[in-house]
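For this one, chain A is given, so just place chain B on it according to the hints.
Here are the chains, one letter per residue:
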Amino acid sequence: MNTLRRALVAALVIGIVKPLAALAAWNKEAFGAKTAGDALESLGVGNAAPSKDLTIDAPQIAENGAVVPIEISSAIAGTTALIVVIDKNPFPLIARFDFKEGALPFVKVNVKMGETSDVRVLAEAGGKHYVATKEVKVTIGGCGG
Amino acid sequence: MAAGPMKMRATLGQGFTDVRVLMTHPMETGQRKDSDGKLVPLHFIQNLTVKVNGKPVVEAQISQAVSRNPVFSFRLKGGAKGDKIEVSWLDNHGDTNSTEAAVA
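Protein chains in written order, with the working numbering: chain A, 8 to 152; chain B, 1470 to 1573.
Bear in mind the hints are in silico, worked out from the structure with no lab data behind them. Keep in mind that the hints are not guaranteed to be accurate.
Part of the chain A face toward chain B, derived, beta carbon under 10 Å [what the hints assert, rightly or not]: (1) Ala32; (2) Asn96; (3) Phe113; (4) Val116; (5) Gly121.
Glycine residues also receive a C-beta, built at the ideal position from the N, C-alpha and C atoms.
Okay, chain A solo, but in the shape it has when bound (with noise of 0.2 Å):
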């Protein structure tokens, strides 16, 4: 009776804790945070140096903060990681972007602005971190509804 009770609870916390495990990935500390400092801070990045070896595509003005393009890139050797901040919006963090052997660090995505924002673009590489920005006005928010 003892050992079916045990496997029954062994068998109940195995069940709890994989999709736990598949879902840690996600960063939830750092995308919660409500300012680009303690976002960038939950993820370990601390200062980072300006480069121009990271290009940020995107346009001046975006008339529609809903789908506003972004096409960025990195030349810093043994680039990694490359990740997306928007300092109004209400959540700054957009995405971290993990790069293994096979990929190029580059995305090219859609995102959404609720105001007139700096785009900044974080690299990592060989442990160090490098930084780009862009302005882009917008001229209707989407956020909201």
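Quick look at chain B alone, frame taken from chain A:
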């Protein structure tokens, strides 16, 4: 409403493979109100994985600030015709979807 269709195209560029993928997802921010003035709850893709011939090459974590029906472009080093590209996502409801395409 849940997992809608995905579309993907992978083409050889000069020295790289261009992967373009479209996902069907509402990407609700949790801040929009419906016609009754009630907040529409958060519903968005959180994780995204790109695999080449079964090997993960890009792993992304994204927020609700990615536009509705997200479109992503990635670039892979080299590549050859027939390489199998697989993209899958996981949202905050635990729903998943994936699609496969061969490099053309």
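ask   = Holds or violated: Ala32 (chain A) as interface residue toward chain B, Cβ cutoff 10 Å?
value = 6 Å, holds
query = With 10 Å as the cut and Cβ atoms as the points, is Asn96 (chain A) at the interface with chain B?
reply = 6 Å, holds
ask   = Hey, does the Gly121 (chain A) contact hint survive, CB to chain B under 10 Å?
value = It holds, given that the least Cβ distance between Gly121 (chain A) and chain B is near 9 Å, below 10 Å.
inquiry  = Holds or violated: the hint that Val116 (chain A) contacts chain B, with Cβ atoms closer than 10 Å.
reply    = Interface hint status for Val116 (chain A): holds (5 Å vs cutoff 10 Å).
Status of the hint placing Phe113 (chain A) at chain B (closest C-beta pair under 10 Å) = Check passed: Cβ of Phe113 (chain A) comes within 4 Å of chain B, closer than 10 Å.
Every hint, counting from the list given before, is met by this structure.
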